[in-house]
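Novice: For chain Y, the structure is supplied; the task is to place chain V on it using the hints.
Number of protein chains: 2
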Amino acid sequence: MKRIAILFLFTSVSTFSQSTDEEQLKAIYNQALTNSKCYGWLDHMSNKIGHRLSGSTGAEKAVEYTKAQMEVLGAFDKVYLQEVMVPKWIRGEKETAYIQNGKKKTDVAICALGGSVATSKKGVTAEVIEVQSLKELETLGTEKIKGKIVFFNRPMNPANVEAFLSYRDAGDQRRSGAKEAAKYGAVGTIVRSLNFRLDDFPHAGATSYGDLPKEQYIPTAAISTNGAEILSKQLKDNPGLKFFFKQSCYQEADVLSYNVIGEIKGSKTPDNIMVVGGHLDSWDLADGSHDDGAGCVQSMEVASIFKNIGYKPKNTIRVVLFMNEENGGKGGDKYQELSLKNNENHIFAMESDSGGFTPRGFSFEADDKSYAKIAKWKSLFEPYLIHVFAKGHSGSDIQDLSSKRIVKAGLRPDSQRYFDYHHAANDTFDAVNKRELELGAATMTSLIYLIDKYGI
Amino acid sequence: MKRIAILFLFTSVSTFSQSTDEEQLKAIYNQALTNSKCYGWLDHMSNKIGHRLSGSTGAEKAVEYTKAQMEVLGAFDKVYLQEVMVPKWIRGEKETAYIQNGKKKTDVAICALGGSVATSKKGVTAEVIEVQSLKELETLGTEKIKGKIVFFNRPMNPANVEAFLSYRDAGDQRRSGAKEAAKYGAVGTIVRSLNFRLDDFPHAGATSYGDLPKEQYIPTAAISTNGAEILSKQLKDNPGLKFFFKQSCYQEADVLSYNVIGEIKGSKTPDNIMVVGGHLDSWDLADGSHDDGAGCVQSMEVASIFKNIGYKPKNTIRVVLFMNEENGGKGGDKYQELSLKNNENHIFAMESDSGGFTPRGFSFEADDKSYAKIAKWKSLFEPYLIHVFAKGHSGSDIQDLSSKRIVKAGLRPDSQRYFDYHHAANDTFDAVNKRELELGAATMTSLIYLIDKYGI
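Protein chains in written order, with our numbering: chain Y, 1 to 456; chain V, 1001 to 1456.
Hints are supplied without guarantee of correctness; some may be wrong.
[Stated by the list, open to error] Under the rule of at most 20 Å between Cα atoms (straight-line distance), these lysine to aspartate or glutamate pairs were calculated in the EDC-like manner:
{"no.": "1", "chain 1": "Y", "residue 1": "K378", "chain 2": "V", "residue 2": "E1382"}
{"no.": "2", "chain 1": "V", "residue 1": "K1037", "chain 2": "Y", "residue 2": "D199"}
{"no.": "3", "chain 1": "V", "residue 1": "K1376", "chain 2": "Y", "residue 2": "E382"}
These aren't lab readings, by the way, just hints derived from the structure by calculation. From a predicted model like this one, the values you see are computed outputs, not experimental measurements.
Chain Y on its own, in the form it takes in the complex (with noise of 0.2 Å):
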């Protein structure tokens, strides 16, 4: 588009009259979208350090960075490490497969899924059986999975506009495929990516064997959707194909790591105590810029925007970079632990662990009383394009801080794109947009403003 002056406004009528607030969002987007360094911190994190597997190197060096970092803001009363152990998964070698179909062979694009045992050094090779669901295994029991590989290949359900809903709806099969198809004997299985694209990027993502027996463990990996798409047609020609994979992953002892905690004391009430985080750690095929180094920046900015504008909070600020959601969760768990420990009073806590895109708004876990005081705030939002204030899961590293009584609230980005780079090598510092980034941060700081003044 292009012809001369375009005059549309986005009217905001705000039925909500606290001038003072509307001038404190204002300010708090002005800083966020011209005096922000989130960008900044994410391209250090993502094209310095890389990716940053719970256990690695680059996972150390994000703790060292973000710690420093934080330091230097100024924001802070005080930037401390809180130990925490977490489990060490390391991929090894790049896995390679391929279709042998007769003669023709077609090398397809894979990952071991975290936590997932290696194949042997030769590899695996066997016929393969397609299922759409782990409830087909029973169907088809022991007789006609023993000795075959396992190919979960329902896609994501594209007609849900919310692409979460489509992730859980098939996560299952990477969470629990090889759990459920080692019961039947299967010798691996094989999980076609949680993304609704075609593309030739393998998804990462853990997967949990559950309570079974170590050497019942088989050995589980992501394919490409395009791989997907290529073996389950080639299946239908001829069911008695074989597939080859290898993979050389392995897990160490658990090793010592860190959240990373930023604090500011509360001006009036420092024993309530406000968390906003994402989760430092991410997987290894990329340098997870959506997930979770966006989360992370946009936390730390919202000490930086505070700081900015001179706001002085009543309560107690938490900036949490929390270790080890993607394989284990045990930098949440920790941070919980030591709160019941200390007899802290929690009374809100948000996460941002949905990407870096524009945001949508939030969702909450409330007593309807609160969440009912806090949807009064959504008119002050509409300057900002921020709509959605629904009930519903906060963040993983998150969900289980209790407290006598908190909130606690995810972040809600447009999710249209997260899938396209969700565990993947794909899941780079370009696919970032600094205005969307930006505009995440100060929709985060808004909430935290808002609940810091008012209370829940």
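Specialist: Chain V only, in chain Y's frame:
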């Protein structure tokens, strides 16, 4: 993010109790997300045809392709072309430009602005005077401008949440900079690209010499934002540096081209016409996937969805792919001219020309009564996260369309990323997300369905 079942729902409590409308919108969105053709059409337009600047081979091919696709779709009662004479501007050889700062030479990325004249074959070399606004020219006057290249370097204002406001406010430099600087004896103008980001893409777009005598025309080009930053910095150190640029663009005689129109005849009131469209032409540096391939295929998709859900509109629906929006607006003018000549009664017109990003809503040119009626449908759109029902600009091709009583609307997608791509070499197919494109088409279809059913 990862960890187990993520359960949140954007609750959609509709106060509008037309359950058939709710069902119809659900069917529309479902079709768009599971069974649409628009992404495939765009793939062809972008990757098989390429740029579609008015008068180019690409524009011709796009006319043929979209007409043929509309014919085979089987959704229209007739598909036809509307003749229109359009300007033919040709970029010629790739432009070159550098800063000569003493002995140091720095190449920078530029592109001639659409409609600009060429430099001489040797190029232009001159001292540079940097300004922030057209108004500043007046203050400087002929004395300080004559013989120099004027460098317009006012950035797009990052503080606006709505990116188009910043585009509007910075756009005068591109549209009128050359015309105004010529009056003070400048030998050329260099304009900072209309792009929030710092990158190496020069962004094209039309310039106008207005009623300046032809002999006073001076060449004008856009410089990438990185180039603008470098030039500005070097000018601070050495205001006497020289800038060189060379471009060989030229204007040929107007040529015959076409608007492409598909028409579904209304089942009850066929004389009432509803238009939905985008513009088929694009700038020439890329394939114009967002601007405005997206709008064209979304408009075509409206007819496809109606066919698939079996909806027969009461009023006549015209899908109009306008030619020459970018550098003349002749397609829109011609459509309007023929509408008046044929005494047509348009009740509604909508354009999608703001990119194929996640839709947020609409902006309306409507009388208060019609606007109030339409605004009542807002709740029907909540499940689809559509929340902007604003008054404002509709679209360049329909803005002058007049009728007895007409409502005009523009689709309003999320605007944050648009100017990363707008008129630049990276406005390509890979920058468009399939789901975002489809959601836009569904949103357009839903509004057309409601207006068709209830009137304005």
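Novice: It remains to establish, for every hint, whether it holds in the given structure.
Specialist: Verification of the hints:
no.	hint	in the structure
1	Y:K378 with V:E1382	holds, 15 Å
2	V:K1037 with Y:D199	holds, 18 Å
3	V:K1376 with Y:E382	holds, 18 Å
Checked against the numbered hints above, the structure violates none of them.
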